[in-house]
Amino acid sequence: MSVTEIVTLITAALGVFGGGGFFVARATVRAARVTTAAQEAIARIQTEPQAEAQRFAVLQATVNRLDEDNGQLRGRVSRVESVLRAFAWTTDRWAGQMHRAGIEPEPVHPLVDEYNRAGV
Amino acid sequence: MRTAAARWLRLHLGRRGQILLILGIGKICWGVGFIVTPQQDPAGLDLLTDRCSLASWAWLWIVAGAVTATSAFLRIGRDGWGFMAAIVPPSVWAIAYFSAVLTGEYARGAFVALWYLTSHVGVIMWASTVPEYSVPPLPRRARKGKAP
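So the protein sequences, as listed, match chains A and B. Be aware that the first sequence starts at 28, since it is given in this note's numbering, and climbs by one per residue. Be aware that the second sequence starts at 587, since it is given in this note's numbering, and climbs by one per residue.
Please keep in mind that the hints were generated in silico from the structure rather than gathered at the bench. Glycine included, every Cβ here is placed at the ideal spot set by N, Cα and C. A hint or two may mislead.
Reference listing, derived: stretches of chain B covered by chain A, where coverage requires no fewer than 3 residues with Cβ under 8 Å from a Cβ of chain A [stated by the list, open to error]:
(1) 621-630
(2) 665-679
Computed, partial: chain B to chain A, Cβ under 7 Å [what the hints assert, rightly or not]:
(3) Ile662
(4) Leu688
(5) Tyr692
(6) Ser714
(7) Thr715
Please take these sequences and the hints and turn them into a complete structure.
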């Protein structure tokens, strides 16, 4: 075997072993990285609907509470309106009574006057 | 029972482990073959047989095969040694055949060397790039009801 042949052979051996070993080591690291990323993505996909459902449950609870508050307020406003209407009816009766007795009643409050004129 | 064992093996091996186990068993068989049925004066392997007998070189196949088969059970990232061990024997054989071509002893050696470099080393290098994951099954689509 000549020197040239030996050098060629050693170069080829270094190329095959070095190149192959380097490629395999790098490919293994990359494959491991891709695997980790894929497993994380799968875990995320599997847990996301649960997180979504939890967020939706919080939203649903808030909506329910606001609905309840709203209903209570409507009831109270309705009762106040009824009492106010009854009170206006009563004062009207009293004003009529005073007119018939020849007494001029005090002028109404500006807000009441405005309501009588504008309706609001 | 048999299916349970197969399922356990497949779960523990994964994609990379399967090919590592196959390659490892193949290498061990090839090495044992050299010892059990010795080959007289194999053509194109003078670089190896000048150093020691082919029965001794067979241990390279057996040891590399054992390392490869053992690495099949390691986690991804640590199984790189298995792939490295797997490419050693075919590379040695390819270089031996290449040397036989250089010295003019065995003209067919170039093709044998290329065959070792592609069908063995190349396949092992490709297998080392395979990631280890399985895509989860697609969610079942909502089916149309039959009731009107």
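- Can you give the numbers of the hints that this structure goes against, from lowest to highest? 1 and 5
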